[in-house]
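Student: Chain by chain, the residues run as shown.
Number of protein chains: 2
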Amino acid sequence: MRVSELGELGLIDLLAEMVHSAQDSRSVSWQKLMVGIGDDASAWQGNTSTQLATVDSFIQDVHFSLDIFPWEEVGWKALAVNLSDIAAMGGIPRYALVSLALPGDTEVEDVTTLYRGMLELAQQSGVAIAGGNISSALLVIVDITALGDTGIHDRHLLTRSAAIPGEQIAVTGYLGTAAAGLEMLAEQLQFDPETTRYLRSAFLHPHPRIAEGQLLVAQGIKTAIDISDGLISDLRHICKLSQVGAQIEIKQVPVHPAVQTSFGDKSLELALSGGEDYELLFTGSAETINRVKEKASCPITVIGKIIADKIGKVNLIDREGKRLDFGKAGWEHFTTR
Amino acid sequence: MRVSELGELGLIDLLAEMVHSAQDSRSVSWQKLMVGIGDDASAWQGNTSTQLATVDSFIQDVHFSLDIFPWEEVGWKALAVNLSDIAAMGGIPRYALVSLALPGDTEVEDVTTLYRGMLELAQQSGVAIAGGNISSALLVIVDITALGDTGIHDRHLLTRSAAIPGEQIAVTGYLGTAAAGLEMLAEQLQFDPETTRYLRSAFLHPHPRIAEGQLLVAQGIKTAIDISDGLISDLRHICKLSQVGAQIEIKQVPVHPAVQTSFGDKSLELALSGGEDYELLFTGSAETINRVKEKASCPITVIGKIIADKIGKVNLIDREGKRLDFGKAGWEHFTTR
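The listed protein sequences correspond, in order, to chains S and H.
Residue numbers for the first sequence follow this note's numbering, beginning at 1 and rising by one.
Residue numbers for the second sequence follow this note's numbering, beginning at 1 and rising by one.
Heads up, a few of these hints could be off.
[Said to hold, decoys possible] Computed spacing ranges between beta-carbons, pair by pair:
| # | chain 1 | residue 1 | chain 2 | residue 2 | range |
| --- | --- | --- | --- | --- | --- |
| 1 | S | P103 | H | D67 | 21 to 27 Å |
| 2 | S | P70 | H | S21 | 41 to 47 Å |
| 3 | H | E120 | S | P103 | 31 to 37 Å |
| 4 | H | Q243 | S | E187 | 53 to 59 Å |
| 5 | H | E5 | S | L139 | 20 to 26 Å |
| 6 | S | K293 | H | Q45 | 29 to 35 Å |
[Claimed, not checked] Straight line, CA to CA, 30 Å or less: simulated DSS-like cross-link-like pairs of lysine-lysine:
| # | chain 1 | residue 1 | chain 2 | residue 2 |
| --- | --- | --- | --- | --- |
| 7 | H | K240 | S | K32 |
| 8 | H | K32 | S | K240 |
| 9 | H | K240 | H | K305 |
| 10 | S | K313 | S | K240 |
| 11 | S | K266 | S | K313 |
| 12 | H | K32 | S | K32 |
| 13 | H | K305 | H | K251 |
| 14 | S | K251 | S | K305 |
| 15 | H | K310 | H | K251 |
If you are wondering where the hints come from, they were derived from the structure by calculation, not from laboratory data.
Ideal Cβ positions, reconstructed from N, Cα and C, are used throughout, including at glycine.
Please build the complete structure, drawing on both the sequences and the hints.
Tutor: Here it is as structure tokens:
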């Protein structure tokens with residue numbers, strides 16, 4: 001059935017029913033939710049910790065192509081990129097509002113499949129879908145607002161503006177895997193089944209580092225960002241807001257063996273500027289980062305250090321210890337290149 | 001300058017600067033804001049009252065046309081429709097997150113003009129623009145999430161689901177004025193300057209009934225909705241969620257003399273199903289509504305009553321006291337008519 005046949009109100013009822021079925025009575029978010037989908041706004045009981053909010057758009061033919069993305073992964077990833085922003089603040093995600101725009105000839109089953117993917121991640125993360133909005137449009141747009149908090153009163157946040165010269169720079173997990181996955185899917189490259197599954201999942205089905213973000217806060221890390229634009233580009237955000245420079249030892253940048261094997265020399269470029277890995281990039285003293293390493297359940301790799309340099313400058317040090325000129329890395333919307 | 005020339009980061013800096021300049025140190029929202037635009041998420045000090053959140057899209061060629069809308073009014077109205085949802089819950093709006101999608105060839109000045117319109121309303125309403133997101137897209141999309149609260153702990157909310165048979169139905173202000181304004185602008189109808197100004201402003205520059213929503217709560221009203229789709233359509237939402245029916249005395253529906261004079265017999269249709277007036281539609285006992293009338297600074301008009309009827313049924317009573325068959329009124333996205 002097409003969305004235009006079901007109508008807006010029919011579609012809202014259908015999606016509200018899905019969200020209702022997926023609610024988890026053990027989740028604090030659902031317990032505190034007073035008014036969910038269907039009223040003018042959503043309402044929940046407040047608490048006294050620091051509140052967090054973030055919004056991200058997931059737009060067809062800008063952020064995703066339906067040639068590559070199954071509908072389920074559109075829903076998963078649209079929510080994942082938002083929860084990743086809450087994770088990058090060290091927060092606990094609680095609620096999400098979903099603003100959906102769809103062409104009238106979209107199949108209703110595709111929309112419910114999208115919601116299924118989104119609800120799977122919401123349930124895994126204890127997030128209640130508290131409300132949203134549906135409009136018609138010429139293309140599919142999933143605009144999600146994620147709300148969260150710090151859990152404990154007066155707990156500090158991970159910001160982009162607290163990096164200090166001398167601190168180490170570290171990342172969770174591996175870099176370049178999502179970009180390798182995109183390249184594999186877009187170019188229809190053939191790899192062994194295990195590599196295919198791994199790369200595909202990294203790009204279509206990223207897992208926001210929610211537990212790791214909270215671990216960073218608990219261990220005393222002050223500065224973090226999630227890697228969405230690419231390592232260099234996102235590190236530049238930290239450097240700019242912290243008014244420092246940085247240097248990365250490229251031989252330390254963690255590239256997964258499957259990416260190294262499949263993409264060879266190109267792996268480094270993917271890792272430095274590929275983006276969309278949604279790993280956490282953070283800074284801290286060697287001692288603090290060692291504590292994080294001991295407690296984390298994912299790889300933590302030191303890749304460089306914060307230095308006093310031109311504000312926002314990110315230097316790359318090659319295997320021989322020389323500075324590399326990498327040109328413009330990371331991407332920006334709009335800018336003609 | 002085109003957005004594509006300035007680039008995403010340049011545009012964010014520019015808009016962040018505008019928001020920063022517009023911040024109001026006397027506003028509680030700004031006082032409690034800990035992290036605003038520029039980090040992964042926004043953060044503010046929590047409180048213990050009920051939290052409210054709502055999201056609404058404002059999409060080019062769906063919700064507005066740039067042939068009719070000056071950029072300033074795109075910003076004003078995109079925020080207004082969201083604050084109206086907080087008002088319809090009886091809440092106090094506190095924060096907004098702005099997710100903007102723009103074609104690369106949009107003039108930067110047009111974007112800052114849009115922000116100027118939005119910031120004007122934000123300042124008037126004590127709302128802090130806490131963050132947002134910018135993407136490229138083929139058309140202009142302003143997706144705003146408004147966050148608010150009830151101010152006082154345990155204060156009740158205005159919902160759509162609390163109407164009871166026997167209650168009166170009332171509205172703030174006049175109905176059909178926004179639809180009259182749209183028709184005037186779209187058809188380039190010529191009226192006297194005062195009428196033109198009034199109709200134009202009703203459609204392009206609606207004032208969300210924030211103070212009135214809080215007044216309704218304080219006086220004991222339990223049920224309200226803002227009129228966005230149209231009187232009949234929005235009353236149907238209340239009836240459906242409250243599991244009741246309703247009847248409207250069409251002679252009571254408040255139409256402004258300027259609309260009556262300019263549109264004659266068509267005024268009633270505009271008032272019943274025109275939509276976008278962003279007035280509040282609410283129900284309550286005669287006694288409660290009389291108290292609201294005494295304290296409100298805008299017209300409050302009783303237009304009918306809640307009855308025990310087929311759930312969701314809205315009956316129209318004509319000037320002779322007979323039931324009218326109005327057909328399908330109010331509009332839905334998607335549905336082919």
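Student: Hint by hint, note whether the structure agrees.
Tutor: Going through the hints against the structure:
Look at P103 of chain S against D67 of chain H: about 22 Å separates their beta carbons, and that is inside 21 to 27 Å. Evaluation of the 41 to 47 Å hint for P70 of chain S and S21 of chain H yields a pass: the beta carbon distance comes to about 45 Å. Remark: the range hint 31 to 37 Å for E120 of chain H to P103 of chain S is upheld by a beta-carbon distance near 33 Å. Checked against the given bound of 53 to 59 Å, the beta carbons of Q243 of chain H and E187 of chain S, roughly 56 Å apart, stay inside it.
The hint said 20 to 26 Å for the Cβ distance between E5 of chain H and L139 of chain S, and at roughly 25 Å that hint holds. At roughly 32 Å, the beta-carbon separation of K293 of chain S and Q45 of chain H lies within the given 29 to 35 Å, and the hint holds. A threshold of 30 Å between alpha carbons decides the hint, and for K240 of chain H with K32 of chain S the separation of about 25 Å falls inside it, so the pair holds. At roughly 25 Å between alpha-carbon atoms, K32 of chain H and K240 of chain S fall within 30 Å of each other, so this suggested pair holds.
A distance of roughly 15 Å separates the Cα atoms of K240 of chain H and K305 of chain H; the hinted pair therefore holds under the 30 Å criterion. Taking the CA atoms of K313 of chain S and K240 of chain S, the gap is near 8 Å; set against the 30 Å cutoff, the hint holds. A threshold of 30 Å between alpha carbons decides the hint, and for K266 of chain S with K313 of chain S the separation of about 23 Å falls inside it, so the pair holds. Straight-line distance between C-alpha atoms of K32 of chain H and K32 of chain S comes to about 22 Å, which keeps the hinted pair within the 30 Å bound.
Proximity of K305 of chain H to K251 of chain H is assessed by CA-CA distance (about 14 Å); at most 30 Å being required, the pair is judged to hold. Between K251 of chain S and K305 of chain S, the direct Cα distance comes to roughly 14 Å. Compliance with the 30 Å bound is thereby established for this hinted pair. Restraint check for K310 of chain H and K251 of chain H: satisfied, since their Cα atoms lie roughly 23 Å apart, inside the 30 Å limit.
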